[in-house]
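Student: Listed here are the chains, written in short residue letters.
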Amino acid sequence: EAGVAQSPRYKIIEKRQSVAFWCNPISGHATLYWYQQILGQGPKLLIQFQNNGVVDDSQLPKDRFSAERLKGVDSTLKIQPAKLEDSAVYLCASSISGGAGRNEQFFGPGTRLTVL
Amino acid sequence: AQSVTQLDSHVSVSEGTPVLLRCNYSSSYSPSLFWYVQHPNKGLQLLLKYTSAATLVKGINGFEAEFKKSETSFHLTKPSAHMSDAAEYFCVVSDRNGGYNKLIFGAGTRLAVHP
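For the record, the sequence lines run as chains A and B. Going by this note's numbering, the first residue of the first sequence is number 1, and it counts up by one from there. Going by this note's numbering, the first residue of the second sequence is number 1, and it counts up by one from there.
Check before you lean on any hint, since a few could be wrong.
Derived CB-CB ranges, DEER-like [said to hold, decoys possible]:
1) A:Glu104 with B:Arg110: 17 to 27 Å
2) A:Ser7 with B:Ser30: 31 to 41 Å
3) A:Tyr10 with B:Ser12: 21 to 31 Å
4) A:Ser66 with B:Met83: 25 to 35 Å
5) A:Glu85 with B:Ser3: 19 to 29 Å
6) B:Thr55 with A:Ile12: 24 to 34 Å
7) A:Tyr10 with B:Ser52: 14 to 24 Å
8) B:Pro79 with A:Lys62: 21 to 31 Å
9) B:His39 with A:Thr76: 21 to 31 Å
10) B:Ser80 with A:Gln80: 19 to 29 Å
11) B:Lys69 with A:Pro8: 26 to 36 Å
Pairs of lysine to aspartate or glutamate, EDC-like flavour, derived with a Cα cap of 20 Å [to be verified]:
12) B:Lys49 with B:Asp85
13) A:Lys44 with B:Glu88
14) B:Lys102 with A:Asp56
15) B:Lys49 with A:Glu68
16) B:Lys102 with A:Glu85
17) B:Lys102 with A:Glu68
Worth flagging that the hints you see were computed from the coordinates, not collected in a lab. A virtual CB, placed ideally from N, CA and C, is assigned to each residue, including glycine.
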């Protein structure tokens, strides 16, 4: 089966610009996750969707980050305006469900963002 | 809240020698624990998971981990390292968030394998 797809793979922008990342999860997976992985650290959950509803966005900097998952399939994560500290790899993952039992997460290759 | 601590940021071994990557966890209830591997420019891949069944868990590529409640540890081992094992390894605990589970990642251990 096809894995989680993300694009672009790399993005370089200047601070205060805006940027958007796209994720296509594994077909049939109801739960979608966005993580931020800063160099030298483990991934940190930004937002979790169950179908097209938000389950957890407690660690999403809502003044500059936004995400949507229209129709419960693809998702877009946006940063506007970007700051230097947003330089990181942004990972998308999906799972069959978010609850116990069938919640193994499958990760995409990530988008590496560099903010200059 | 759940958390994990990976005790070594870097581990270096020779090819053919044993691998030990250490992880301690903190949990207020019986946890679900995972090890993920991340190769350069590739997505995270699940190596193995513990979900309150057998305490010795076998994963892919010859890796295994033992859940020790008394020591709050979940160390990852492999009897004989291969060059292809060089990667970043993450110990992960699952935290309950209402009816959903949330993964909490450790800081990672970079494994280097030398000929």
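Student: If a hint holds in the structure, say so; if it does not, say that too.
Tutor: Status of the hints after comparison with the structure:
Against the hinted window of 17 to 27 Å, the Cβ-Cβ separation of Glu104 (chain A) and Arg110 (chain B) comes to about 24 Å, which satisfies the hint. For Ser7 (chain A) and Ser30 (chain B), the Cβ-Cβ distance of about 39 Å falls inside the hinted range of 31 to 41 Å, so the restraint holds. Evaluation of the 21 to 31 Å hint for Tyr10 (chain A) and Ser12 (chain B) yields a pass: the beta carbon distance comes to about 29 Å. Evaluation of the 25 to 35 Å hint for Ser66 (chain A) and Met83 (chain B) yields a failure: the beta carbon distance comes to about 43 Å.
Restraint check, Glu85 (chain A) to Ser3 (chain B): a C-beta distance of roughly 23 Å satisfies the suggested window 19 to 29 Å. Remark: the range hint 24 to 34 Å for Thr55 (chain B) to Ile12 (chain A) is contradicted by a beta-carbon distance near 46 Å. Under the hint 14 to 24 Å, the C-beta atoms of Tyr10 (chain A) and Ser52 (chain B), about 40 Å apart, miss the expected range. Hint check: Pro79 (chain B) to Lys62 (chain A), Cβ distance near 48 Å, so the stated range 21 to 31 Å is violated.
With their beta carbons about 27 Å apart, His39 (chain B) and Thr76 (chain A) fall inside the hinted range of 21 to 31 Å. Taking the beta carbon of each, Ser80 (chain B) and Gln80 (chain A) are about 49 Å apart, not inside 19 to 29 Å as hinted. At about 44 Å, the CB distance of Lys69 (chain B) to Pro8 (chain A) disagrees with the hint of 26 to 36 Å. At most 20 Å may separate the alpha-carbon atoms for a hinted pair to count; Lys49 (chain B) and Asp85 (chain B) meet this at roughly 18 Å.
For a cut-off of 20 Å, the pair hint linking Lys44 (chain A) to Glu88 (chain B) stands: about 16 Å separates their Cα positions. About 9 Å separates the Cα atoms of Lys102 (chain B) and Asp56 (chain A), which keeps this hinted pair within 20 Å; it holds. Of the supplied pair hints, the one linking Lys49 (chain B) and Glu68 (chain A) is violated, its CA atoms being roughly 30 Å apart against a limit of 20 Å. This hinted pair does not check out: Lys102 (chain B) and Glu85 (chain A) have alpha carbons roughly 24 Å apart, beyond 20 Å.
Between the alpha carbons of Lys102 (chain B) and Glu68 (chain A) the distance comes to roughly 19 Å, so the proposed pair stays at or under 20 Å and holds.
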